[in-house]
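Make a model of the complete structure from these sequences and hints.
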Amino acid sequence: MAAPASIAVVVPRHADGVTAGGAETLLRQLALRCAGRGLRVRLLTTCATSHFTWANERAPGVVRDGPLEVEYFPVDDRDAGVFLEHQQALSRGADLTREQEEAWLANSVHSRALYDHLRAADYDRVLAGPYLFGLTVGAARVRPDRTVLVPCLHDEPFAYVSPIREMFGAVRGCLFNSEPERDLAARIGGLPEARGRVVGMGIEPFDADPAAFAARRGLDAPYVLYSGRREAGKGVPMLAEYVRVFRERTGRDVRLVMTGSGPVDPHPFVLDAGMLPEAEKREAMAGARVFCHPSRLESLGIVLLESFMAGTPALVNEGSEVLQWQCRRSGAGFGFRHYPDFEAMLDRLLADEPLRARMGAQGRRFVQTEYSWAAIDARLFQALETL
Amino acid sequence: MSEPLFQIGADGVDAAAIEAEIRSSVDSRITAGAFADARIGRAERLTLVNLRRDGAFITHYLRSLRDAVEVDISDFEIRERRAGLAPLLVRLKKAIWGLLRFYTYRLWSQQNQVNSMLAAGLEGIDEQYAAKIRRLEERLAELERRGGGTQGG
Chain A
0 MAAPASIAVV
10 VPRHADGVTA
20 GGAETLLRQL
30 ALRCAGRGLR
40 VRLLTTCATS
50 HFTWANERAP
60 GVVRDGPLEV
70 EYFPVDDRDA
80 GVFLEHQQAL
90 SRGADLTREQ
100 EEAWLANSVH
110 SRALYDHLRA
120 ADYDRVLAGP
130 YLFGLTVGAA
140 RVRPDRTVLV
150 PCLHDEPFAY
160 VSPIREMFGA
170 VRGCLFNSEP
180 ERDLAARIGG
190 LPEARGRVVG
200 MGIEPFDADP
210 AAFAARRGLD
220 APYVLYSGRR
230 EAGKGVPMLA
240 EYVRVFRERT
250 GRDVRLVMTG
260 SGPVDPHPFV
270 LDAGMLPEAE
280 KREAMAGARV
290 FCHPSRLESL
300 GIVLLESFMA
310 GTPALVNEGS
320 EVLQWQCRRS
330 GAGFGFRHYP
340 DFEAMLDRLL
350 ADEPLRARMG
360 AQGRRFVQTE
370 YSWAAIDARL
380 FQALETL
Chain B
0 MSEPLFQIGA
10 DGVDAAAIEA
20 EIRSSVDSRI
30 TAGAFADARI
40 GRAERLTLVN
50 LRRDGAFITH
60 YLRSLRDAVE
70 VDISDFEIRE
80 RRAGLAPLLV
90 RLKKAIWGLL
100 RFYTYRLWSQ
110 QNQVNSMLAA
120 GLEGIDEQYA
130 AKIRRLEERL
140 AELERRGGGT
150 QGG
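Protein chains in written order, with numbering that gives the first Met the number 0: chain A, 0 to 386; chain B, 0 to 152.
Heads up, a few of these hints could be off.
To be verified - Quick look at which bits of chain B chain A covers, simulated, 3 or more residues with Cβ under 8 angstroms:
no.: 1; region: 21-27
no.: 2; region: 34-41
To be verified - Between beta-carbon pairs, the in silico distance windows are:
no.: 3; chain 1: A; residue 1: Arg164; chain 2: B; residue 2: Val113; range: 37 to 47 angstroms
no.: 4; chain 1: A; residue 1: Arg186; chain 2: B; residue 2: Ser73; range: 52 to 62 angstroms
no.: 5; chain 1: B; residue 1: Thr30; chain 2: A; residue 2: Ala231; range: 27 to 37 angstroms
no.: 6; chain 1: A; residue 1: Arg186; chain 2: B; residue 2: Thr30; range: 31 to 41 angstroms
no.: 7; chain 1: B; residue 1: Lys92; chain 2: A; residue 2: Gly250; range: 24 to 34 angstroms
no.: 8; chain 1: A; residue 1: Gly20; chain 2: B; residue 2: Gly11; range: 32 to 42 angstroms
no.: 9; chain 1: B; residue 1: Asp125; chain 2: A; residue 2: Pro73; range: 48 to 58 angstroms
Unchecked claim - From the structure, some residues in chain A lie toward chain B, with a derived Cβ separation under 8 angstroms:
no.: 10; residue: Gln86
no.: 11; residue: Pro162
no.: 12; residue: Tyr241
no.: 13; residue: Val244
no.: 14; residue: Arg248
no.: 15; residue: Gly250
no.: 16; residue: Gly330
no.: 17; residue: Ala331
no.: 18; residue: Gly334
no.: 19; residue: His337
Quick caveat, the hints were computed from the structure, so don't treat them as lab data.
As the structure is a computational prediction, the values presented were derived from the model and not from experiment.
Beta carbons: idealized from backbone N, C-alpha and C, even for Gly.
See the structure below:
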């Protein structure tokens, strides 16, 4: 099968700043790799910058972003009240009727102008994602035979909504971040294995001084690190509680450093470092005794892979098949089922420095091999040629 | 021959084996009561998902809940760290505590009754469902045995 010559990448927001989500960053990176390969690539997105308001804050039209052409389209009017009503019902685990599911989807973010562009243009492939936005479903409905989803799928109620499941059945194929994500799509959407490829995202290699962050912040005790959005859905309050109980039960003075955005419960042992420049975040990762990822809903685990690159082993929530998969393949992390596991595993990694160092080294080698851009390019372009 | 897409496992430390060894040790310690700790019960309230997925953990969680359920309303020693005015401040605090004790005892003893009833209710539900599942498993095994016997005969 011939490689596609022209590709549209459809994404709800353009990840040219720090505010976009991981999926939007991933799609932009894939677009950049395709453009770097000499393919004609245009990133089609909305004029919105906030995923809360979806207000049209950018001007419509085409701008150049390095090797990429980016075209902004206005977001259609929507009834946010109807959307939120059904969104909250879904979050609570309620069953919606087909009409309610369609109303939820219709009042998600859409752009008729973007769909009209897709109908008029003749792209060989349309890469679209993440799965739960109306824009992705709408784009997939325009040219399903040419659409390759980049779903960033999680096992959550939205994934079971009928129009989403039908989308998996209708599109040409999917690019997944991990094997567990591919298996989940097969379970939920009935996607045959032949129409899915595991690609992922490249992690830039780096070296960071493990002493720099602690010295700068005046940290005189070992610390566990969490990086990312600080919210209940990511398991962050649970992690703070675990560390508090760990300190009380073991008497070890271990701190919890959190980087990223969102509120943090005030505890004397927590250092809220907030959003950090990339270089400082890497130093924080390199200096951590353990990186902890307590989230259950991940499709790749970018910060986990970055911490591996920094040479730091991890403790992950066993409830996340993806994070557990990364730890299994790398030999650089343990999965905890509950607090007792967390206590025993953290205690072991704090007490056994040779083990910690060897696991950290394994993680770094793993990311250098499996998540180099060369490895990602090989998987990406093979997928585009064969799907 | 092409290389596999992903290399499963890694040279050097067998982290999966160490993880299994730690988990096995943790399971034994849970059974021995090493984690029957009210603080753990409170920490785990944020991860109720475990209750749905892990039958063994429900037992552990209920044990933690039993330890956490009683609000401590016992009398306690009143101290004062500020040396200069310590005797005066201790007398003042004792006087305040003496006035409040009647009301707080009444409130907390009622709270303890409610907590105990809730914990007992949860344990009762857990025991009932465990017994029901056990009976269903026994019945299923019996039906499978009979089915197997018919096929074999």
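We went through each hint and held it up to the structure:
For a cut-off of 8 angstroms, the count of residues in the region 21-27 of chain B with a CB near a CB of chain A stands at 4, and the three-residue condition holds. Chain A is given as covering the region 34-41 of chain B, and this holds because 5 residues of the stretch bring a CB closer than 8 angstroms to a CB of that chain, at least three being needed. In this structure the hint that Arg164(A) and Val113(B) lie 37 to 47 angstroms apart at CB holds, the actual value being about 44 angstroms. In this structure the hint that Arg186(A) and Ser73(B) lie 52 to 62 angstroms apart at CB holds, the actual value being about 53 angstroms.
For Thr30(B) paired with Ala231(A), a C-beta distance near 31 angstroms keeps the hint of 27 to 37 angstroms intact. Here the CB-CB span from Arg186(A) to Thr30(B) is close to 34 angstroms, well matched to the stated 31 to 41 angstroms. Between Lys92(B) and Gly250(A) the Cβ separation comes to about 30 angstroms, which falls inside the hinted range of 24 to 34 angstroms. Checking the proposed 32 to 42 angstroms range against Gly20(A) and Gly11(B) shows it holds: the Cβ atoms sit about 35 angstroms from each other.
Between Asp125(B) and Pro73(A) the C-beta distance comes to about 55 angstroms, which sits within the given range of 48 to 58 angstroms. Interface restraint check: Gln86(A) against chain B, minimum CB-CB distance 20 angstroms, threshold 8 angstroms, status violated. Checking Pro162(A) against chain B by beta carbon gives a least distance of about 27 angstroms; that is not within 8 angstroms, so the hint is violated. Interface restraint check: Tyr241(A) against chain B, minimum CB-CB distance 6 angstroms, threshold 8 angstroms, status holds.
Restraint check, Val244(A) versus chain B: the minimum CB separation of about 5 angstroms is within 8 angstroms; hint holds. Given hint, Arg248(A) at the interface with chain B, holds; its Cβ is 7 angstroms from that chain's nearest Cβ, closer than 8 angstroms. Hint status for Gly250(A): violated, given a least beta-carbon distance of 13 angstroms to chain B, over 8 angstroms. Satisfaction of the interface hint for Gly330(A) is found here, the shortest Cβ-Cβ separation to chain B being roughly 3 angstroms, below the 8 angstroms cut-off.
Below 8 angstroms, beta-carbon pairs count as interface contacts, and Ala331(A) has one with chain B at about 7 angstroms; its hint therefore holds. For Gly334(A), the interface hint holds, since its Cβ comes within 8 angstroms of a Cβ in chain B; the closest pair sits about 7 angstroms apart. Among the interface hints, the one on His337(A) holds; its C-beta lies about 5 angstroms from the nearest C-beta in chain B, closer than the 8 angstroms criterion.
Violated hints for the displayed structure, listed by number in ascending order: 10, 11 and 15.
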